[in-house]
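**Q** Taken in order, these protein sequences are the chains called S and Z.
Using the working numbering, the first residue of the first sequence is number 1, and each one after it goes up by one.
Using the working numbering, the first residue of the second sequence is number 253, and each one after it goes up by one.
In case anyone wonders, no lab produced these hints; they're calculated from the structure.
Yeah, the Cβ is synthetic: ideal placement off N, Cα and C, and Gly gets one too.
Among the hints, a few may not be true.
[Said to hold, decoys possible] Here are the in silico distance ranges between beta carbons for each label pair:
1) Z:H478 - S:P110: 23 to 31 angstroms
2) Z:G367 - S:P110: 45 to 53 angstroms
3) S:L63 - Z:I544: 56 to 64 angstroms
4) S:R131 - Z:I544: 31 to 39 angstroms
5) Z:G480 - S:L235: 41 to 49 angstroms
6) Z:V277 - S:P110: 40 to 48 angstroms
7) Z:T428 - S:R131: 45 to 53 angstroms
8) Z:A263 - S:T66: 26 to 34 angstroms
9) S:E23 - Z:H478: 22 to 30 angstroms
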Amino acid sequence: MIVLQSVTKRYADTAVVDDVSIELGHPGITSVIGANGAGKSTLLSMIGRLLLVDSGTITVDGLDVTTTRGALLARRLAVLRQDNHLTARLTVRDLVAFGRFPHGRGRLGPSDREAIDRAIDYLDLDPVGGRFLDELSGGQRQRAFLAMTLAQDTEYLLLDEPLNSLDLRHCVQTMRLLRRAADELGKRIVLVLHDINFAAAYSDRIVAMRAGRIHVAGKPTEVITTAVLRQVYGLDIAVDEFGGHPMAIYHL
Amino acid sequence: MIRRIGATPAAVVAGVALTAALALVSVFVGVADVTPGSLLRGGPDGEAALLLAASRLPRTLALVLAGAASAIAGLIMQMLVRNRFVEPATTGTTEAAALGLLVVTVSAPGLPLAGKMAVAIGFALVGTALFLLLLRRLPVRTVILVPLVGLMLGSVIGAVTTFFAYRLDLLQTLDTWLTGDFSGVLRGRYELLWVAFAATAAAWVAADRLTVAGLGRDFTTNLGMHYGRLLALGVTVVATVASVVVVTVGAIPFLGLIVPNIVSLLLGDNARRAIPWVAVVGAAFVLVCDLIGRVLRHPYEIPLGVVVGVVGAAVFLYLLLRSSERAH
Numbered sequence: 001m002i003v004l005q006s007v008t009k010r011y012a013d014t015a016v017v018d019d020v021s022i023e024l025g026h027p028g029i030t031s032v033i034g035a036n037g038a039g040k041s042t043l044l045s046m047i048g049r050l051l052l053v054d055s056g057t058i059t060v061d062g063l064d065v066t067t068t069r070g071a072l073l074a075r076r077l078a079v080l081r082q083d084n085h086l087t088a089r090l091t092v093r094d095l096v097a098f099g100r101f102p103h104g105r106g107r108l109g110p111s112d113r114e115a116i117d118r119a120i121d122y123l124d125l126d127p128v129g130g131r132f133l134d135e136l137s138g139g140q141r142q143r144a145f146l147a148m149t150l151a152q153d154t155e156y157l158l159l160d161e162p163l164n165s166l167d168l169r170h171c172v173q174t175m176r177l178l179r180r181a182a183d184e185l186g187k188r189i190v191l192v193l194h195d196i197n198f199a200a201a202y203s204d205r206i207v208a209m210r211a212g213r214i215h216v217a218g219k220p221t222e223v224i225t226t227a228v229l230r231q232v233y234g235l236d237i238a239v240d241e242f243g244g245h246p247m248a249i250y251h252l
Numbered sequence: 253m254i255r256r257i258g259a260t261p262a263a264v265v266a267g268v269a270l271t272a273a274l275a276l277v278s279v280f281v282g283v284a285d286v287t288p289g290s291l292l293r294g295g296p297d298g299e300a301a302l303l304l305a306a307s308r309l310p311r312t313l314a315l316v317l318a319g320a321a322s323a324i325a326g327l328i329m330q331m332l333v334r335n336r337f338v339e340p341a342t343t344g345t346t347e348a349a350a351l352g353l354l355v356v357t358v359s360a361p362g363l364p365l366a367g368k369m370a371v372a373i374g375f376a377l378v379g380t381a382l383f384l385l386l387l388r389r390l391p392v393r394t395v396i397l398v399p400l401v402g403l404m405l406g407s408v409i410g411a412v413t414t415f416f417a418y419r420l421d422l423l424q425t426l427d428t429w430l431t432g433d434f435s436g437v438l439r440g441r442y443e444l445l446w447v448a449f450a451a452t453a454a455a456w457v458a459a460d461r462l463t464v465a466g467l468g469r470d471f472t473t474n475l476g477m478h479y480g481r482l483l484a485l486g487v488t489v490v491a492t493v494a495s496v497v498v499v500t501v502g503a504i505p506f507l508g509l510i511v512p513n514i515v516s517l518l519l520g521d522n523a524r525r526a527i528p529w530v531a532v533v534g535a536a537f538v539l540v541c542d543l544i545g546r547v548l549r550h551p552y553e554i555p556l557g558v559v560v561g562v563v564g565a566a567v568f569l570y571l572l573l574r575s576s577e578r579a580h
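Isolated chain S, as found in the complex (with noise of 0.2 angstroms):
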């Protein structure tokens, strides 16, 4: 599990996260949700060591990200942040290779061809795997991204913002991609949404952010209601149920 412990981060004299204790990483999907400036991707970024805690301690599976060494940790947690606009011209099958980095020191074995063509095929990316990132979609360059990710073989997978930039097609065949993930590959994954609906759809857990600290978490009917969703956006916004699945109407 993911454990946070008084966790704060400041920006001059604000607390961006403060004061955060909570355990995520539960078997499945977790949403972070959350107006723009809640904390989220912050959060995210702490847990991943992209950013560095102020105060309060992250453990992953009881290692400390801030002294744990970075290849131990690699193979326990992966993170992608959404500021991968790529210049580097690498073919998909190189970047999914750097996946397997943090298990054989940049060589290669058998078994890490295995995983890296298992990536690949799990992605459908077979047939442009020869292909620079720069001559992908942007739907593609996503898919290639968690590719890597999958090579990497971690049990948690933290993902920044993944439905960002995507149209709506590829928002749909990435959230049921990483339910297929998170069913067949037994992955938790936890990543920052802005669509609640979505959230509310594919998502085990959802952890509501407000002014930088945790609103409620709970099952995606304990948190997608009208009360939460006024107190964290700020917004009168009508839930309907659909499918077993909360929906909030707020496009009305």
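Once you have looked at the hints, place chain Z on chain S.
**A** Leaving out everything else, chain Z in the frame of chain S:
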């Protein structure tokens, strides 16, 4: 498919063979009579053999070493900064090395060349670090802004250097550091370039890590690597190569800019694959430019830096226009 060319062993062999052929031509071009025939006639102690060992071979070796190393330094700089339009000469590194060399020439003229080189490397490291710090402070980081900041930093350091060189009557010396010229390369005066070779060999060993670093801090951290250490390694290689080249033969403009760009277009940015090709193309490019410089006004010479500057500017313009075409 064009991009697969570099992957085939035949292409590698062809590239190396072409460069070797150019090197051979380079050895036998010059004012004095050094040909396979004259070598045979004169025997091992003849004038031609002496000339070959003392002047021609050192010059060609220096060209190959400096060309390959400068091109690789450009590639690494581009990966570290994540920008295609930088090289040591546009990020303050070369200028800082020249400043260091000026300082040590004035303050400790008796120091052996290796010591002077060490001082130049120290200055180059500081200059490059300054550039990276400036970039981190930039509120916005656009493709064009990064090389501009580097050019400005380089100009400021260059202005300081020029001022003191002017006051101390060392402008001509400064010019030899900043304009690559191989006409003065003799045995005993180029061997330091092997240090640059060693630095680029280290980069080749760490090629995969450097590629990862080229994908950014977050990406590197996720894979369990220490970004700061990789940055330090890359900067050290770049500073070492730039300083050694400045100390021995003089900076070669544009080389570190265009060669990595050409290779990237054809082969992509995986350093493990790109570095050997950047080395081969860099060496071949310098050999060709040097031959042009030696043949055009025979028996006089045009300094290599001038030829590379003209040819390089043309190629660079072409690449720029091509990439802006692709962007629209």
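**Q** Determine for every hint whether it applies to the structure shown.
**A** Going down the list of hints, with the structure as the test:
| no. | hint | result |
| --- | --- | --- |
| 1 | Z:H478 - S:P110: 23 to 31 angstroms | holds, 28 angstroms |
| 2 | Z:G367 - S:P110: 45 to 53 angstroms | holds, 50 angstroms |
| 3 | S:L63 - Z:I544: 56 to 64 angstroms | holds, 60 angstroms |
| 4 | S:R131 - Z:I544: 31 to 39 angstroms | holds, 38 angstroms |
| 5 | Z:G480 - S:L235: 41 to 49 angstroms | holds, 43 angstroms |
| 6 | Z:V277 - S:P110: 40 to 48 angstroms | holds, 46 angstroms |
| 7 | Z:T428 - S:R131: 45 to 53 angstroms | holds, 47 angstroms |
| 8 | Z:A263 - S:T66: 26 to 34 angstroms | violated, 47 angstroms |
| 9 | S:E23 - Z:H478: 22 to 30 angstroms | holds, 29 angstroms |
Figure legend: structure checked against the earlier numbered hints; the only hint not met is number 8.
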